[in-house]
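Student: Chain by chain, the residues run as shown.
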Amino acid sequence: MQTQGVILLKTCILDMPSYTYAVKAQRLLRARGFPCRIRRREKASAEGCGFSVHVSGSCRSAEAVLSGYAVPYTVRGGGGEDDKL
Amino acid sequence: MINFDNAATTFPKPIAVRRAAAEAIKSFGGNAGRGGHELAMRTSEALYSARETAAEFFGAAPENTVFTLNCTHALNMAIQGVMSQGGHLIISSMEHNSAARPAAALAMKKQVSLSVAEVFPDSERTIDSFRRLIRSDTKAVVCTLASNVTGQLLPYREIGQLCRGNGICFIADGAQACGIYDIKLSQGINILCTAGHKGLYGITGTGLLLTDGEFPITPIIQGGTGSSSLSLFQPDLLPDSLESGTPNIIGAVTVGAGIGFISSYGMGRLRSHEERLCRLFIEGLEGTGGITIYRDPAAEYAPIVSFNIEGFNSEQAAELLAERGFCLRAGYHCAALAHATLGTKGGTVRFAPSVFNTEEEVRKLVYNVKTLKNLPNS
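Sequences listed follow chains W and A, in order. Be aware that the first sequence starts at 1, since it is given in my numbering, and climbs by one per residue. Be aware that the second sequence starts at 1001, since it is given in my numbering, and climbs by one per residue.
Be aware that a few hints might be false.
To be verified - Simulated restraints, written as ranges between beta carbons of each label pair: (1) Val-75(W) to Pro-1121(A): 57 to 63 angstroms; (2) Thr-1218(A) to Arg-41(W): 24 to 30 angstroms; (3) Pro-72(W) to Leu-1039(A): 25 to 31 angstroms.
Stated by the list, open to error - Calculated Cβ distances over 10 angstroms to all of chain A for the following chain W residues: (4) Arg-30; (5) Ser-58; (6) Arg-60; (7) Ser-61; (8) Leu-66; (9) Ser-67; (10) Gly-68.
Stated by the list, open to error - With the Cβ distance kept under 7 angstroms, some of the chain A side facing chain W (calculated, not the full set): (11) Ser-1227; (12) Ser-1229; (13) Pro-1239.
These are computed hints drawn from the structure, not numbers from a lab. The beta-carbon is built from N, C-alpha and C at its ideal position, and this holds for glycine as well.
I would like the entire structure built from these sequences, with the hints used as guidance.
Tutor: If you want it as structure tokens, here you go:
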């Protein structure tokens, strides 16, 4: 989608069960061309604090990568404007 | 000073390891997996990289690669964790106390029934020992890959096959084999425990537990993991379930660097060098009366040689050699079962070279062992 010369990229936020899985996901996604970064969750979930992987692209594409490697995650949705990947 | 006590811990460490330690102290001072700030994230990345390196080296998944304090810590977690619901446990008669004591402690509490499989120089007889002890309730077999006393290699692939065929968890102690032999979980090992500070050339205070995930390991320590913080229960995901508390991040980084050193030097080259030094040592003492070398032609050995000098107990011999500048470990090497199997009296002196020892150093040692024989009490 392009609006008045600004490109708005889709961002997908995946909540990860641990930092180890967050890095594993990040490396798998980056290796396949998805810009992404690990961020501390802004708000603690019911389980407590944790890490998320913010991926540039659709959640569907990111999930397709991670499902092949048995990486557990929860899709939280799209990222905010401050998502600098 | 010439160090031939590398089976206890390798020294010196490779320059790459020393540099990695310095870099880790300088740059990775955060707490891994605990915070979102730059220092914590940088440190977490470094820990993950070390985890990934170790995982790849042993054919495990990074998340199934757990950093521990040492091999004993890893073995305790594996043995107690797999046997938490009881059952029958088999250990070999060459086990180090790191495996034998946790097994014996569980048996003393009547939590498990314990059998000891006798190890012979002949592999077939050893495999048969294990086979004959398997029962319907056998849950795990614990076996060292190489004896820390003599270096004898155990037929671990065949023992792994035996375990797999009977649905038994195979826990391997790789403390004296990892870094020298190409050990992979795919060789029939369900849980591999090893030290980071021996053949992997990391610093002391490091170890690894690698699992294929087939057998759940109940944690023996609970605490903070940086994940599921609101739950009072330990997370069940690896590595967090087995890595409570702040890990030895600097140590883990050095283990990663040590594995990098082995890979770039070449494991085959490294092993050939150490084997050559062992041959030189044995050949140098051949024909010298009164020297007992604990090797059997029917067995294969990792680069370790146990010996005794007639007229000296092992501690006296090691002390006299220490006075001449040689570091060798004497006594029972924390392996009562292995010494009972070998039938040693008063332990042995252990020669354990590393990649950094030279032929010249071995020749000096041979000369000094020979001259000890001429002392008054020999």
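Student: Run every hint past the structure and note whether it holds.
Tutor: Hint by hint, here is what the structure shows:
1. Val-75(W) to Pro-1121(A): 57 to 63 angstroms: The hinted range 57 to 63 angstroms holds for Val-75(W) and Pro-1121(A), with Cβ atoms some 58 angstroms apart.
2. Thr-1218(A) to Arg-41(W): 24 to 30 angstroms: Given a distance of about 28 angstroms, which is inside 24 to 30 angstroms, the answer is holds.
3. Pro-72(W) to Leu-1039(A): 25 to 31 angstroms: holds (27 angstroms)
4. Arg-30: holds (12 angstroms)
5. Ser-58: It holds; Ser-58(W) is separated from chain A by about 25 angstroms at its closest Cβ, greater than 10 angstroms.
6. Arg-60: holds (24 angstroms)
7. Ser-61: holds (22 angstroms)
8. Leu-66: holds (13 angstroms)
9. Ser-67: Label holds. Min Cβ-Cβ 15 angstroms, cutoff 10 angstroms.
10. Gly-68: holds (13 angstroms)
11. Ser-1227: holds (4 angstroms)
12. Ser-1229: Nearest chain W Cβ about 3 angstroms off; hint holds.
13. Pro-1239: holds (6 angstroms)
Hint compliance for this structure: every hint is met.
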